[in-house]
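S.K.: We have chain A; now place chains Y and C onto it with these hints.
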Amino acid sequence: MMTYVLRRCLMAILVAFTVSLGTYALFHFATDPAQTIAGEDAPQEMVDEIREQFGFDRPLLVQYGDWLGGVFQGDFGTSYFWKQPVVELIKEHAGVTITLALVSLLVTILIALPLGISAALKPNSWVDRFALSIAVSAQAIPNFWLGLMVIILFAVTFPIFPVSGDATWRHFVLPSLVLGASSVPAVMRLTRTGLLDVLASDYIRTARAKGFMGYRLILQQAMRNALLPIVSVLAVQLGHKLGGSVVTESVFSMNGLGRLAVESIFNSDIPTVQSLILIFVLTFVLLTLAADLINAWLDPRIRMG
Amino acid sequence: MATRDVVGDVTIAAVETPPNEEELGLGLSPSKAALKRARTHRGLKIGFGILLVMAVFAIFAPWLAPYDPYLQNLPMRMLPPVWMEGGSWEYLLGTDHLGRDYLSRLIHGARISMFIGIGAASIGAIIGVTLGLIAGYYGGWIDQGVNFLVTCQLAVPSLLLIMALVFVIGQSVTVVIFVIGATHWVFYLLVVRSATLRLRELDFVAAAQAMGCSKFKIAVREVLPNLSNQIMVIFTLEVAVAILSEATLSFLGLGIPSPLPSWGLMIAEGKAAMFFQPWLVILPGLALFVLVIAINLLGDGVRDVTVTHRRN
Amino acid sequence: MSPLPIGEIDMSTAPILDIQGLSVEIPTDAGTLKAVRGISLSLNRGETLGIVGESGSGKSMTALALMNLLTPSARRTADCINFDGKDLTHVSEKELASKVRGQRISMIFQEPMTSLNPVYSIGRQLTETMTLHRPVSRAEAEKRAIYLLEKVGLPDPASRLKQYPHELSGGQRQRIMIAMALMNEPELLIADEPTTALDVTIQAQILYLLQDLQKELGMSMILITHDLGVVSRSADKIAVMYAGDIVETGTAVEVLTNPQHPYTRGLMECVPGYRGDEAHRLGSIPGIVPSMTGTITGCAFASRCPRAVDACKTDIPPTKQLGPGRTYVCHDPESTRDQSAREQQSHVNRAPFDPGKAKGESVLTVDNATYTFLVRRGMFGKRKPLKALGNVSLDIRKGEVLALVGESGCGKTTLSRIIMGLKQPDSGSVRLGEHEISTLPAGQRARMIQPIFQDPYSSLNPRKTIGDIIGRPLVVNRIGSSKEQLAKVHNIMEHVGLPRRVFNSYPDQLSGGQRQRAAIGRALIMDPEIVICDEPTSALDVSVQSQILNLLLDLRDELDLTYLFVTHDLSVVQHMADRVAVMYLGEIVECGDRRQVLSHPKHPYTRALLDSALSISPELKVPAPRLAGDFPNPINRPSGCSFHPRCPIAEQQCKEQVPQAEIIDTTFVKCWKAETSQHQVKHQ
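If you read the protein sequences in the order shown, they are chains A, Y and C. Under my numbering, the first residue of the first sequence carries the number 21, and numbering increases by one thereafter. Under my numbering, the first residue of the second sequence carries the number 2, and numbering increases by one thereafter. Under my numbering, the first residue of the third sequence carries the number 2, and numbering increases by one thereafter.
Isolated chain A, as found in the complex:
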């Protein structure tokens, strides 16, 4: 098993490397970091001086290698725009995004799983139709627009929760609900289809012939099989939330990594963009690895073959 894990980690590193080199190259050819540091109104000589000082005229791979070397020592570079070490910036903003991602994943699970399960248990009933219509509607609502609607509702009509900022736990309620809602359709459908497939399988027929029925049948015989695809999808969703919180943080004015990413793109702040993308990519790949390992634990066929 260790070889498998090692192989996946190697893959993760390779992917992260490819992506980060790609983004570096993209910005390298399209923007001028010296200009960014100097500022828009800076005189040409200052820009040239900065370029020489920081070594921006060196070949692409050399500059990238330099940055990468720094990363291995824990130095993610210094932000061109904010003039701070990137590590500091990330530390400041990470908490918000991680909290937001985790809580919204919880929201998704709490809504999508029960809905999906109930729908699968009574196909074509009102519960099923209700669940499916929620899925269809929720899929069609633009996430940012939902956020705005929620803000209008809660700022004006029901001022229970704050609609902007990230100071207290209350500030996280609405954004988590909005972000969580965006994943509900996909997860609910998958749960429903997955469970329906399992319930139609031969081994469930065997279980019924043995005398299983009702909740016992579902929980003891069906769920473990149905969980397999759900675990993978949840891992992917969590990974996407870390990067997809961009919109939610913008709408609710929260200082998370998403907001940081947007602003650093707008300001051509290469080190920050680089570092953020690297972190997102690594997180995603490690999450999928974790999901696969969980699946291997759940399903002996995957473990042993």
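Treat the hints with care, since some could be wrong.
Cβ pair distances, simulated, as ranges [unchecked claim]:
| # | chain 1 | residue 1 | chain 2 | residue 2 | range |
| --- | --- | --- | --- | --- | --- |
| 1 | C | Ser74 | A | Glu112 | 57 to 63 Å |
| 2 | A | Lys111 | Y | Ser173 | 33 to 39 Å |
| 3 | Y | Leu198 | C | Ala443 | 22 to 28 Å |
| 4 | Y | Thr41 | C | Thr320 | 38 to 44 Å |
The hints are simulated quantities; they were obtained by calculation from the structure and are not laboratory data. Since the model is a prediction, treat every value here as computed from it, not as a measurement. Glycine residues also receive a C-beta, built at the ideal position from the N, C-alpha and C atoms.
M.R.: This is chains Y and C only, laid out in the frame that chain A set:
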């Protein structure tokens, strides 16, 4: 478990009595059967109907819209829709902060949304289906390579990547279409690849090999037609995704450039005044919602209708 | 005579199961499908009832309806379902689940590969059956599980408990299903095609096991099958089902030696080897099963019956009683009574077996072919080599039908793919005439050798029309103008018995038999010399199978073809083949003239295969299998002779040395004991 009509079997061959033709209850061909099912599928009909209306608006926008969407009329700015206090019949859905007629902008916005949606989904389809077919059919190191590409694409938050690309290349309708298309091909690939892997093992592929067909020809002529239904369904889904992506991008300021009437952009522009003139934000969002729901209903309907049941 | 006091009914003679008027309806898009139409049957204690029918007859539905295991959308109605005096139609689902299912009535199913929960251990699945219904501890349940695992013939039962289903073969899984069904000592066991998905030798073991257990436990059994040979040995009583109705009942001996209903008669005529005379053409049942949605006027079999008169199409046939429990449902018109007798005489005899045919020149030679591929076990495992073929040599002679026989994993599919040129052997050669097949351009090879596959549902592209499919080889190889191609397609369609109308139809619109005909047409359209038939009738109903086999033989004579006929069914071999080659674990263990091999087999495996083939002999029981154990895992091949772990006559030499190939009396055989032990097959 349910048995379907077991259709005809005929007395034999050259030596014996000729077949009894009237016993051949053949049933409908697959496409005719699908159309028949489509006629009774409510969701599909609703979705199709709405889309038809929207398409008409989109195509005939210049003739149907009451005003030029770019025409500014500052004295008439921030008028509410006709059913609210202060509204007027001249500007049915009110005006925005520059006095432009909202109804006209909404109608023209439909054009943008649908054009971008279809364009981006098509590009994604071309990339994803080709890669998926090749990876699934040829396997080996090609498959490994494609798998690597897929992981790279999935690992990067697509919104950030799109934003970075648009920022770097420049904001325009063409750029947005290409960038969204080039980052939304994974779903096509996954489905096409797994379907190809399954189809590859079926006997009719072996039969094609036995008759001397080249690998490439088999992939295109035998395997691909069996994927068309699934590709259609994914296409509709991806059109919806593309439309929402464009709206989000434009909302964040890195999508369609102003003054084009993208619905997302309209929401962004109305955001500043949203507590006092909420319709500026509500109306374009509703339009998006209706369009996307219609597309999803159509896609789900097509999927329900083209599912083929395997006989036992 | 005073009646018995109430409450003292003599239970020992009352039937354990008495079903009256059972119907099952399933709503579908096309209308309500009436899968079972008001049937009645009864079963006494300790008896085995065999329900026989082809696909769509409603036999499986009956079993599921009995236990109320149908899909939720299905509707079951019955006058009564009396089990041990209690009417199950009045019992709530809850009571049914807790008191009856798994406790008093158990069921085993057809597909052992998918009928066990893949994520739980065997031990858990066995013990939960018991703990669900009785207040026993896990340890006690495990004890019982081990006891039963031993009883069903699984070696090393204690360690089995920790294993998972995917680690076991089909035969082993089915044994576990049986053990699971017996955990709570049920009074009735329902077996729905329990051996259909298993290899022939394993089938024999499982059927013998069931027979044995039933006797020992005094259990009643319902055995559902389509195989007349199986039901003749295993069942005491038989009910024949057709189109949702029971058309004939009686004891096995009564029904099978003297069938009354035309369908039963016709079915028996279709079985190869029934008449024991190889020169006889197989019977057939023309026509189609009528639509099961909606009501059927008159007799459901009328459209296909050789004895039908007008009344049969309009009036529902009466149930005729010939004795207690002996019924058949037929108008039995006097006017046609002699007709079927005449029908039997008029069967065209095919050309008698020509021993000279088997000595023609070779058209294809396989020389020492080996093939190995790598398999990886699970996500974490290393890749290991699996030897699919080891030193196989074979030749196919002009004009013959060479049968290639073996069970799953023997390598016959790999060999047939290599012979077709679709796979390259790792070593050795395949020569078509003088040319090495891998050096031939694909088009040229295609013109000489073509395949027909097993599964009619996957061998035709569902998105192409029949005309397109059949004509495709001509298009690909650019043979003839489009006009000529069209003519050729129509010509071939006539030859294989497909009406012109299906030219523009899609495979989904055709039946299994018609699809197979199309596949045959496609194979023959380029006038190949050799046709590789890979189990072409295994997936078809018996009544259709006979038509296709007749067709293949007719075409062989007409078009001067040579067949390599891969099959596992020895009765088909008996009917079709000139020569036979028997494969086991990637090697050919015996090869020779068909008559010789089938009556005087020289290899113990061939002997075992022949013993396992159950002919329709209701006076006999399932014989004790001479072949124990299961197929070894090809990744861990046994040393020496790969058959020795299961061989009843194996010796030390067999364990140590790989047997040499010898020719004994024109038969090729690989066995150390071939010379000394002559196996004579008694006709069972």
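S.K.: Evaluate each hint against the coordinates.
M.R.: Hint check:
no.: 1; hint: C/Ser74 to A/Glu112: 57 to 63 Å; result: 58 Å, holds
no.: 2; hint: A/Lys111 to Y/Ser173: 33 to 39 Å; result: 37 Å, holds
no.: 3; hint: Y/Leu198 to C/Ala443: 22 to 28 Å; result: 23 Å, holds
no.: 4; hint: Y/Thr41 to C/Thr320: 38 to 44 Å; result: 41 Å, holds
When each numbered hint is compared with the structure, no violation occurs for any of them.
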